[in-house]
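Visitor: Protein sequences appear in the order of chains A and B. Following this note's numbering, the numbering of the first sequence begins with 1 at its first residue and continues without gaps. Following this note's numbering, the numbering of the second sequence begins with 1001 at its first residue and continues without gaps.
In short, the hints are calculated from the structure, not lab data. There could be a bad hint or two in this list.
To be verified - Computed footprint of chain B on chain A, listed as stretches where at least three residues anywhere in the stretch have a Cβ under 8 Å from a Cβ of chain B:
no.	segment
1	19–30
2	66–80
3	133–147
4	160–174
5	232–238
6	269–277
7	293–306
The structure displayed is predicted, hence computed values, not measured ones. From the three backbone atoms N, C-alpha and C, an ideal C-beta is built for every residue, glycine too.
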Amino acid sequence: MELLCPAGSMPALKAAIEHGADAVYIGLKDDTNARHFAGLNFDEAKLKDAARYVHQHGKKLHVAINTFAHPNSYQRWQQAVDMAADAGADVLILADIAVLDYAAARYPKLERHLSVQASATNAAAIDFYRQFNISRVVLPRVLSMQQVRALAHSCDIDLEVFAFGSLCIMAEGRCYLSSYMTGQSPNTAGACSPAAFVNWQDNNGTLESRLNGILIDRFAPNETAGYPTLCKGRFTVGSDTYHALEEPTSLNTLDLLPQLYAEGIKSLKIEGRQRSPAYVAQITQVWRAAIDAVMATPERFNVQPQWQQVLATLSEGSQTTLGAYHRKWK
Amino acid sequence: MKFSLGPVLYFWPKAQMLTFYREAADSDIDIVYLGETVCSKRRELKFDDYIAVAHMLREAGKQVCLSSMTLYEAPGELRELRKYVDNGEFLVEANDVGAISMLQQQGLPFVAGAAINCYNQHTLRRLVSMGLTRWVMPVELSGQWLSEVLNQSIIADIRDCFSTEVFGFGHLPLAWSGRCFTARSENRSKDQCELCCINYPQGREVKSQDGSSVFVLNGIQTQSGQRYNLVNQLNTMQGQVDIVRLSPQLSGTFDWLAKFKANINGTAPQPLPATDSNGYWLNLAGMVAG
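The following block holds chain A by itself, in its conformation from the complex (with noise of 0.2 Å):
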């Protein structure tokens, strides 16, 4: 079983090797990935950097390329395609039908991995991507776990799915919610509620969160405000105000483990490849720890504590969710 983390910068990327991940995964520094942020990722030399350090450790490298490709600078994805592989990744993570085609054409022997943004969460759709020669899918974080136990057994193929971190509770790759108020999608853009979008107002003590102006929430002093990604707000259904889709929240697998690991998923994903390296650092750590307790000794795992603090301390809202995993949760 994998760890496979996060990073969004060289001190990130060495931190998680540091600390124990068995792969990395990074971006380009453009839109042609998922985490398309400002100051973030990786542009050609820092990438051949990254690639060497990852080899001198003996571990992997995973390249996201996970955006769908515009119609008129498709170039650009095949040269990011071209720039992972002359780089030396070990893995693409592709979504677009085009991009894979490519991929798939010009560089037979680089692995593929399906990206979760191509929302493959049946046995049809995972066979639908099989004429790509993929050899993983990474899960979508719609899946209850007996789903993710179904998929396990009925395809003969490696699943990865996600562990730890921000929670996407739409099938990802099929969402449009980010460019309905802003535009700008994860699949056009490669970002969520954008962060030039967002506007934060003291109103009396008050604090209102805005994306492109649509109130996101209102925080009482005693709040903690919460970045405004637009399906965590609180809005007014009826008449409740609550958080009408889902809370700041972050998702936290650690109590699934040994199911994860007895259905014999391959990898494990820790989101974040906008965090610190401090935050990957200590994430790492913890699932580093846990992976190797699960595998040393699976029926005796106990979730640690001191782990979960941990994770406590990093989640979103300081808040943890099983997701979709846990079929209550839906």
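Fit chain B to the given chain A structure using the hints.
Guide: Only chain B this time, still in chain A's reference frame:
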């Protein structure tokens, strides 16, 4: 330019569905999409009922297409999909690549619905090679994006192999989740939803705390708060868009069809109600009216 009626996205009682489709049969609509695309627990109309409606509409001169679900999570749902694929007489709209996979294996033509991620000419070309005969552009894309795709030389030789369709009217389907938001709004879990969507024939409106309409909850689907309305953009679609889709609303759908048909050439523009938007087509945020 032809007009289509999208699948009913809400959960309406059987009698209401049958009334609606009788009205469709008597209307000027050219193409009708039928089927449950949101939630497999909604079974007011079963597969055989849809086929019976399909026959009725075909006899009324409509072209009928069966729309399949968007989010497949369980093996049982795929068995239901197989029935759509194997129906033997009607074209199928795929809203998940799993459906494309099954249709491709049978050598059947298909419509790629708006939830299939086809964003560029290379993906489109590949889908045509798999059997795509009609492309419904993702709802978040603009008229400019469409024209940029269609004008690429790489698809010039296959331009006659497919038609293009645009979602032009109705609340936009924007997201699908493992979670049921309508059940959540009633403090129920999805497993104990008691099919409460049937109480909300136009979904449940989500408002911001200062009263703007933000989204509409429709079971596991989240829709746009604003109703999308491209009635005044039809004349700019000439030569690019073959079919404009109207998504069934609780009321007024066929009145709007008449307004759309009257304004194909831009000669009968309509004032856009304050509840409507057209931003996506105009390369703006979707919620905006340009």
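Visitor: Hints broken by the structure, by number, lowest first?
Guide: Hints 1, 6 and 7 contradicted; others consistent.
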